[in-house]
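Peer 1: Chains as they are written, first to last, in the working numbering: chain A, 2 to 94; chain B, 539 to 971.
Source of the hints: derived by calculation from the structure; they are not laboratory data.
One should not assume that every hint holds.
Have a look at the derived ranges for each label pair, beta carbon to beta carbon [claimed, not checked]:
#1 B:Arg550 / A:Met90: 45 to 55 Å
#2 A:Glu47 / B:Gly618: 20 to 30 Å
#3 A:Glu47 / B:Ile562: 30 to 40 Å
Facing chain B, a subset of chain A residues (Cβ under 10 Å, in silico) [unchecked claim]:
#4 Arg16
#5 Ala36
#6 Thr46
#7 Gln61
#8 Pro69
According to the in silico footprint, chain B covers these stretches of chain A (three or more CB under 8 Å from chain B) [claimed, not checked]:
#9 4 to 15
#10 78 to 87
Don't be surprised by glycine CBs; every beta carbon is placed ideally from N, CA and C.
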Amino acid sequence: MDVKKEVERIAAAQRIPLTEEEKEAFGRQVGQVLAAFDKLDQVQTEGVPPSYHPVDIPAQMRADEVEPSSAPVGNAKRVEKGYLRGPRMMKTA
Amino acid sequence: MTSATDVLEKVRKADADFSCMAQIPESVGPTANGPFSGTFLAVKDNLCVAGMPAKAGSKILEGYVPPFTATAISRLEAQGATVVGKTVMDAFGFGTFNVNTHKIPKNPHDVTRAAGGSSGGCAAFTAATGMPTVAESTGGSISAPAAFCGVVGVTPTYGKVSRYGLIDYANSLDKIGTTAATVREAFDLLEAMAGSDAKDATSLQASPEKRMLGKVAVVTELFDRAEPGVRKSTMDAVEKLKQTGTAVEEVRLEHIDNALYAYYILAMAEASTNLAKYVGLRYGQQPAPEEFETYTDYFTRVRSAFGPEEKRRILLGSFARTAGYRGKYYDKAARVRTLVIREWKALLEKFDVLLMPSMPCVAPRFSDIEKLSPLEHYAMDVCTVPPNLAGVPHASVPAGKSEGMPVGLQIVGDHFQEGIVRHYAQLVEAKSK
C-alpha cells in the first residue's frame, strides 16, 4: 500500500487541504501508526463479539413528536425560511 | 464568603500566570440557592454554557456561541454552583499534553512543563486557584493532567453523566468528570451532575453499590513501565494503603498494548465522523458562500482551519473505517475492546479496585514534547487508555513527587462503583498528607 497516496485520497474525500510538506509528513506518520495498529492482527478474536459501548445501553423510546429547539440553526449565519443556505452545488455556466 | 468579583480576579491572575482560560466572563450573575452555593468552578471548553463562546480548543469553532447549556452544568447551576469561565484544552480533546491547540496551558508547578491533556486548562486552574472544574476524558484526559498538576481528577463510568451539550470527540468513550483540590469535592460534584437524561440516550442510572472486599491489586506491568521516580512514589502510596489494613496483591494484564491500539482506532474513527459536521454551515467559521465556485471549494476552505493533530486523526480515523480496511482495523478494534472489558471486569470481581501510576512519567518539558513522534505521543497514554476503553470509573490522586513534580496514583473500580473508588481515593489522600 502506498500510504502517501492513501493519505492524499482520504484528505481529498474529507475536504482537507494538505501542503506538499504535510502530505510527506502525514504519509510517514500514518504509516508508523498503522504499523503499530497492525499488531492487533495477532490477537485471537474469533467468536468474540464487538463492543460499540463499554456498558449495555438499553434502547430508550420516546413519543415521535416534534419539540421546539433553536439548537439546529441557532448559530448559522445564513438561514432562509428555516433552512440553511449553503454554497453552490455546481459551477455556474 | 468570597465575592464573585474577588473570584474573577483570582481567575484572571491564574490565566495570566498559566494560560489556563479560554474564556473569562466580565461578571457572573446571582446563582440558585443549593448545596453548592458559594462553589465557583470552571468548565472545560468542550462543554456548552449558553451565551459563553465555546471553541473546544479548535480554530474551526471560532465564533461559536452555544444557545444552550450542557445538562451536567445546568444541574450544578441549579444546585447553586457558579461558572467562572471556560478552560483551554487540546483541540477536540486530541492530546496528552495540551499542546495541540493555539493557547497552551503551563504547569503551575513548573511553567517550562506541560499541564497535561487534554483537560490541561482544568488541572492547571485547580492547581492555581484551588477551585474545581468540570472536565472531560475520552482516553485519559482527566487523569493525565490531574497527575501532572498534583490535583484530584475523577473520571466516571461511561454513561453516568449525560453528554448532552458536550462537543464530542468519540461518542462511545467521552465521559464528563471533575478536577478538584480534594477527593471529597471532586466526587460530590460528580454525583451532583450524574443521572440519566432524556437528552442523551446513552446516559444511565447507577447500578447498586457492591459490597467491599477489602482487597485491591496493583497492575505490576504498569508500575514496571513507569519512570523510576514515579514508580517509587506510587509504590510508597500503595505501601501506606497497606498500613490501613487493605490487602494488596499483584496482577498482570494481557491486553495493555492491545487496548492502546484498539482505543486509538476506535477513538479516531469516531472522531473522523464527528468532525465531518464542521463544514461552515451551522457552527463557527462561516465565510460567505457566494465567494466560492463550488461546495468543495467552500468546505475545503472552512476545513483548512483544522490544526495538524485534527487533520492527522481525521485521516487515520477515516482510513480505519474505509471500505477494504474496516474489518482489519475498526471491527477488529471493537472485538479487542470486548476482550479488554472482560479482562478488567474479571479482575474487578476479585478486587475492589486496581492501582497503577496515572502516568508513566512526570509532566514533561515543552522542549521534550516537541521531539516526540505522534506514535510516541499516543504511547504515553498506556496507563489511562485501558480503563477508559473499558468505561470503568477511576480517580487520579496525588501521591508524592518525583523530580520536584507531582505524581498521581490511579484507582480504578468496576462500572458504577464510584463509591468504592472514592473510599480508596480518600485513604490514599489521607495517607499522602
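Peer 1: Can Pro69 of chain A be said to touch chain B, with a Cβ gap under 10 Å?
Peer 2: violated, 12 Å
Peer 1: Classify the hint on Arg16 of chain A as holds or violated, based on whether any CB of chain B lies nearer than 10 Å to its CB.
Peer 2: Hint holds; Arg16 of chain A Cβ to chain B Cβ min 4 Å, cut 10 Å.
Peer 1: A closest beta-carbon separation below 10 Å is what the hint needs, so does Thr46 of chain A meet it against chain B?
Peer 2: holds, 4 Å
Peer 1: Given a hinted range of 30 to 40 Å, is it respected by the beta-carbon distance of Glu47 of chain A and Ile562 of chain B?
Peer 2: violated, 54 Å
Peer 1: Taking the beta carbons of Glu47 of chain A and Gly618 of chain B, is their distance inside 20 to 30 Å?
Peer 2: Violated, at about 54 Å.
Peer 1: Please verify the coverage claim for the segment 4 to 15 of chain A: does it have three or more residues whose C-beta sits within 8 Å of some C-beta in chain B?
Peer 2: holds (count 6)
Peer 1: Should the interface hint for Gln61 of chain A be scored as holding, given a Cβ-Cβ cut-off of 10 Å against chain B?
Peer 2: Check passed: Cβ of Gln61 of chain A comes within 5 Å of chain B, closer than 10 Å.
Peer 1: With a cut-off of 8 Å between beta carbons, are at least three residues of the segment 78 to 87 of chain A near chain B?
Peer 2: Contact hint for the segment 78 to 87 of chain A vs chain B: holds, 5 residues under 8 Å.
Peer 1: Per the CB criterion, is Ala36 of chain A less than 10 Å away from chain B?
Peer 2: This interface hint holds because 9 Å falls under the 10 Å limit.
Peer 1: Check the following: the C-beta atoms of Arg550 of chain B and Met90 of chain A are separated by a distance inside 45 to 55 Å.
Peer 2: holds, 47 Å
The structure fails to meet hints 2, 3 and 8 from the earlier list, while all remaining hints are met.
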